[in-house]
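A.B. asks: If you read the sequences in order, they're chains A, B, C and D.
All the letters of the first sequence, read from the start, carry residue numbers 113 to 457 under this note's numbering.
All the letters of the second sequence, read from the start, carry residue numbers 113 to 457 under this note's numbering.
All the letters of the third sequence, read from the start, carry residue numbers 113 to 457 under this note's numbering.
All the letters of the fourth sequence, read from the start, carry residue numbers 113 to 457 under this note's numbering.
Worth flagging that the hints you see were computed from the coordinates, not collected in a lab.
It is possible that part of the hints are untrue.
When chains are identical, the list treats them as one kind, so a pair holds in a single copy or across two.
[To be verified] Here are the simulated lysine to any residue pairs, SDA-like style, with alpha carbons at most 20 Å apart: (1) 190 x 337; (2) 236 x 200; (3) 270 x 308; (4) 162 x 233; (5) 190 x 338; (6) 162 x 421; (7) 236 x 426; (8) 417 x 449; (9) 371 x 235.
Number of protein chains: 4
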Amino acid sequence: MSDGIWRGFASDNYAGIHPEILKALSEINAGHQVAYGDDIYTEQLSGVVKKQFGNAAEAFPVFNGTGANVITLQAMCKPWEAVVCATSAHINVDEGGAPEKVAGLKLLQVETPDGKLTPELVDKQAWGFGNEHRAQPKVVSITNSTEYGTVYSVSEVKALADHAHSLGMYIHLDGARISNAAASLGTSLGAFTTDVGVDAVSLGGTKNGAMGAEAAVILNPDLVSAMKYVRKSGMQLASKMRFISIQLVAMFEGDLWLKNAQHSNAMAQELYKGIKDIPGVKVEAPQANALFPILDPKVTEELQKSFRFYVWDHLTGQVRWMCSWDTTQADVDNFVAAVKNELDN
Amino acid sequence: MSDGIWRGFASDNYAGIHPEILKALSEINAGHQVAYGDDIYTEQLSGVVKKQFGNAAEAFPVFNGTGANVITLQAMCKPWEAVVCATSAHINVDEGGAPEKVAGLKLLQVETPDGKLTPELVDKQAWGFGNEHRAQPKVVSITNSTEYGTVYSVSEVKALADHAHSLGMYIHLDGARISNAAASLGTSLGAFTTDVGVDAVSLGGTKNGAMGAEAAVILNPDLVSAMKYVRKSGMQLASKMRFISIQLVAMFEGDLWLKNAQHSNAMAQELYKGIKDIPGVKVEAPQANALFPILDPKVTEELQKSFRFYVWDHLTGQVRWMCSWDTTQADVDNFVAAVKNELDN
Amino acid sequence: MSDGIWRGFASDNYAGIHPEILKALSEINAGHQVAYGDDIYTEQLSGVVKKQFGNAAEAFPVFNGTGANVITLQAMCKPWEAVVCATSAHINVDEGGAPEKVAGLKLLQVETPDGKLTPELVDKQAWGFGNEHRAQPKVVSITNSTEYGTVYSVSEVKALADHAHSLGMYIHLDGARISNAAASLGTSLGAFTTDVGVDAVSLGGTKNGAMGAEAAVILNPDLVSAMKYVRKSGMQLASKMRFISIQLVAMFEGDLWLKNAQHSNAMAQELYKGIKDIPGVKVEAPQANALFPILDPKVTEELQKSFRFYVWDHLTGQVRWMCSWDTTQADVDNFVAAVKNELDN
Amino acid sequence: MSDGIWRGFASDNYAGIHPEILKALSEINAGHQVAYGDDIYTEQLSGVVKKQFGNAAEAFPVFNGTGANVITLQAMCKPWEAVVCATSAHINVDEGGAPEKVAGLKLLQVETPDGKLTPELVDKQAWGFGNEHRAQPKVVSITNSTEYGTVYSVSEVKALADHAHSLGMYIHLDGARISNAAASLGTSLGAFTTDVGVDAVSLGGTKNGAMGAEAAVILNPDLVSAMKYVRKSGMQLASKMRFISIQLVAMFEGDLWLKNAQHSNAMAQELYKGIKDIPGVKVEAPQANALFPILDPKVTEELQKSFRFYVWDHLTGQVRWMCSWDTTQADVDNFVAAVKNELDN
């Protein structure tokens, strides 16, 4: 890694701020605004979110994805209730135990082949209703695109939403990379959320070009009244909220969210084309902006001397290569060349 | 309130971003940086904080003051321990119960005349050591400047730190407005923290001109190892941390923190001069950047039609008027004229 | 203190099991019963509790008073809500922080002259509804008889219940010594609970002659559905519940609760008569089964060499002397003689 | 089920109190004892536990097994740490989420073939040390005998203890049925706990003939200081503790624990002999006091009209039949006849 400016394939949250978002921040800086969300830009965001997710949608801007997930799940659950999720879900493996530690939530985990739940998989944990010895299943939480780069189709989300509701449960969608999912599906953001009955979305901005901006987007009106309280007691209420809201306005008012996601998805396809036929690389075609190749750990080790990226499964040698809004074709070509070079040795 | 650009006296977190901080954000935007704090600007902040608070100081950037307070107190306390604080402390009255709800902390509260604890006041709650029926007192938490705009002197903090330590307790300083305290005292930031034995500081940036940037600054090395875990499980770990760290670098590398605080303190003095002799206003001289006048509620009501500010005590009619880094002399003059006008009626 | 059998005035929970309760335990021991409350004795208790508290009353037997209080308050509160109580309340001072640590409850405390809240005192903390910066007041919790041995009258409880309800809040009555209160008031148990609108009672058995048996008694039907879950997740669900339930049946089916409480109250009157005129003893007449005399600490120290009892306030020299169901007139006479002897020196 | 006295095979906690334990309760009832554990019978228990588990052992009597487990695990874990356990562990499936909800503990679950962990299975979750995104693995928790009636051998526990310690982790043994394990192994209680490095044991009394008595038995001195606090704040501190302690004294002072467990284990063998060759019953030989046969659900349904027992796995038709200290040969014969009768139809 150089001391100067560099870009890699470790994560989309290694990237900086998209220029349009940075510009928006500076354009709304003058003067005072009421703190804690009673500002005009948060009001503007409200309209933007309704445009994307329908008139019932209510947006609650927060600092980060863990915050959006945990407070939303807390709003959905009474203290004795629980959340069904994939074993690989971010809430289960990558939030330092925050769901359990901040909100007392029990996560009822299901192994999945590809990071995606199905109604049948949900049923492995959605049982014991009315039996107080069991933390009561109340939410199905899915991630789209998933932690394994896969994408739920509209009908797959609908089947899960219908199933959850038939059990008296809610469905939550962790949308840290929801824009990548929509770009992959070629649909609106509402098509696989509002339109198919999702109750709440953690709307991601940061990984797609914001500085740090996420929102809990509540689609089920029953959940709205809890949100301002769980956001505050969950330490996710920004004082100068205008600067979070405006990032999301800049991203979701027009099509910046889509252009950025289409770009990072396309770069992942380019990367896939470049490496799929290299002997020693075992990889499936990306559905969103990440590849999960399996490599000889020695190759991984050598590559990591020049490129930072994460090993995803120590047992299998699976790694993660991820593209972001600022990945260039030259970045891809350069990285492909390095992989080739390493595997030629 | 106008639809256009305006400034008022409601709170220092109604103000925007100081231009130098906004500039710093844009200057470091290019290219990738490792996420979650392993970036070069967070490393730079580490040096800046050591310069301000001494070589043992370790900085953990977080999103907001509630987050800084709660995770720091959690790092100080075992699950059965408790925090002695003023009844008026922000952690007690203005954090939505986050200390109790996120960290299970019991707050052992003491009434104070002016928001300031003393060793004698601490003793009203610091007892019962070894008795498991009582949540065990472990931390004395003070705020400087306080929620009532008062300022602890260096020797007052030292007396509290010595007292806490003599009881086997830690001392935490909520420094949401630490720069205003330092400006008021005419000392360095370390003079009333590191130098007198404070164990940890919640270092405020947001209210003094940042967009949204605070840090838990740990001065007692025994507390360091817990911090990265409580920050993560407390949902306060920023992915693109460089953009939080650089705000604090821009503020604390040179003297921006001091200039901004001196300015807002000075504006509070100007406001005091303008109103202290108006009949119907009962007010004490400000020690930092806020005044707490007592007004006839009818006057308050009239003034609030044109100026947003908070009632601090419904029973007494006490209100809060606060200056910020961007308050101008014209703002003050204009507001004083309005107060005069109202009280002449 | 002797190595043999002794009785003192330290606490009513130093006493053993009333013979009728011990007998009941052994009489229902034969054979199997369904665990976790689906046994015939718990069903029997259900009827007994309805007889005492009205047909809507539902009983949830638990292990101890802290458990009864915390799970009942949790059933009343959403995670962001809070409980108004006297500073001297058992939940605040004597439960090791369990309300905060187990249930995340913030306690909004009010100083009282005698351990008793009033509507006016409640109002000191029951405010800020709808403001997410403040943990939302949802329950008024009172203790009858109080931690200071005082007794709320029927009309005092009614005034508090009406006030709580007018604010959209619940009222909870910690009845660890509810039988002593009823005996003192000369009323039924329902007269100052069900009949005046109390929403839930922590029904005490242990201090009044049980081995270890308390129950959450829910009077407001809206709260019932939560109870089995908070009891289980609060670790208060007994497997062999029949042995807890039968203790409460034995106590509340007839008038054992009343006889025991009348006796301990009467013994406290006898003790009062014996000591009230001793020079050096400052004491008010007991309202229930405890006296809170103020003594010279040296006298206290000497007396404690022969009799175990607790200092209630180190600053004033106040101590607590408590009678129990098994206190005898001879115990009282013997103790009075010792006090006299000590104060003659 | 009859209205009169009956016994079944649903659970060992359907059984009553062993006469020797009931007798002990009544023998120590006279007079006062200091509350909250400072009584002479709790002191006696201290000696009894040291005799069984070695001189370093410290006993903390509690109300129930969930309580013993959760407070012990809390004493072992900092708030950001986690517990590795079998997916089938009682703490994971049968405690209503108490570990997560009371103590914020994340349970890192491993599927097992038979309810038993191995070092290799532990390694599936014991990783990520030092990475704050992962709740930090700190305890390996095993149950002996397990929730599937299997028994860890001495060397199996030792291998797990050694492995846990080599990773800087603790090992906890849920001994709700520890006596059945010891009876099965033919060893002392210390042989597979203290002697092989187990750090803490949840010592079960209730299922083996007590009324309701368990204890956290701490074998690693580093954990002792936390215990009195987590017991109190975990709502597991009994006021009249003498009546819990004496149950455990009666059980563990002599060999009542062993005789009861040998009896229930032997009855399970008798039941196995009676049913193993019945066509339509698929069952393995019991290792402790429970059988887990697989039956046609219709047969189960018919049998449940006369005998209460639990279905253990709805998918496979597996049920649980459990013997207790009071199961008689006639009970077994009667039940075997019923099973035969049902399967003959």
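A.B. asks: Next step is simple, just say for each hint if it's right about the structure.
C.D. replies: Against the structure, the hints come out as follows:
no., hint, verdict
1, 190 x 337, "both (14 Å within a copy, 12 Å between copies)"
2, 236 x 200, "both (15 Å within a copy, 13 Å between copies)"
3, 270 x 308, "within (5 Å within a copy, 50 Å between copies)"
4, 162 x 233, "neither (32 Å within a copy, 44 Å between copies)"
5, 190 x 338, "both (11 Å within a copy, 9 Å between copies)"
6, 162 x 421, "neither (37 Å within a copy, 31 Å between copies)"
7, 236 x 426, "between (27 Å within a copy, 11 Å between copies)"
8, 417 x 449, "within (15 Å within a copy, 66 Å between copies)"
9, 371 x 235, "neither (37 Å within a copy, 43 Å between copies)"
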